[in-house]
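Per mature numbering (1 follows the signal peptide of the UniProt record, and there is no 0): the sequence shown = residues -23 to -1, 1 to 315.
Check the hints yourself; a few may be wrong.
What the hints assert, rightly or not - For each label pair, taking beta carbons as the anchor points, the in silico distance ranges come out as:
no.	residue 1	residue 2	range
1	197	106	34 to 40 Å
2	59	242	21 to 27 Å
3	153	188	16 to 22 Å
4	285	172	42 to 48 Å
5	102	169	31 to 37 Å
6	44	132	31 to 37 Å
Honestly, the hints are just simulated from the structure, not real lab data. This one's a predicted model, so the numbers in the text were calculated from it and none came from an experiment. All C-beta atoms, glycine included, are put in the ideal place defined by N, C-alpha and C.
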Amino acid sequence: MNRRNRLLILLVAVLVLGGVALAATLHAAGRAAEQDRARPGDPRVARGEVTLDAPGRSVFRNMAWGPHRDEIASVPAADPSGPRTSSGVRCLRFHSAGGTGICLQAVHGGLRDGYRAVVLDARLRELRHYDLAGIPTRARVSPSGRTVAWTVFVSGDSYAGTNFSTRTSVLDLRTWTLDRNLEDYRFSLDGRPHKAVDTNVWGVTFADDTHFYATVATGGRTHLVRGDRTERTLRAVHTNVECPSLSPDGTRIAYKKRVEGASDDAPWRLYVLDLRTERETPTAERRNIDDQAVWRDGGTLVYALPGDYGSDLWTVPADGSGSPRLTMAAALAPAFTG
């Protein structure tokens, strides 16, 4: 093959690759533009004032396509399918309690994107923010609103895998003291101190400003732990518990549990643990749950499942009765005020 033919082949290859790249870029741009447009039949969303201390409201990340996608929105808790009021504040993960919000959001930079945790007041105004070391995955606020927690994937892998790393931080809003990594706490397993390089902590749920529950993984197993911020300790109290959520009366934990015989890609079912008797009750939800459920009240759990918009919210009774019900399409990360 002479030099002229080689140059022609190289030119054709460059043109083909350029065309593929251009087509991919146009497709991605088209998808982005499509998501910026509301569609007929989508939930109705309009810009307005969203507060975290108004009684009887449901506050959540709006997933409906259109200009308000990913913004924190609100509806009356009694009318979850009603028109949505959107705040203009975008979050990937969100939670609120006691008039405080924690928003984990993307930060788009010139060279690369990053993430940060933003503490919000009841009017969704920023109080402080903190850079994050990885991809946001969980967020919680204590009932009083004086302590917040968040978890990120340092590696970006899935909980379903075996090669991932998390970092969970807890922030005291009264002193702005930040415990950057709960792995620094002293962890006791089976009544003995336990320290291992494979330890990961995630999914905080608060009992009060000082005490909390979370998941610790080590040695290929997951454990429900009770944490104490004053003592800086984590104590294992039950096994096979992930992403716990404490009931309003502090007596039960809702969580996702790995069940035997399930697919490795869909291993979790939604259970409730009685902390006094250690009795486990499976809920009527039989699908795979990869979420940290929220208690809407003392008897109802709210959780996310994949949907047409990326995520829908479902409810199920916590006592194992009833059946799952779709409560809100195109929504994620709910919290309830009042």
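Discussion item. Of the numbered hints stated earlier in the document, which are not met by this structure?
Written reply: Violated: hints 2 and 5.
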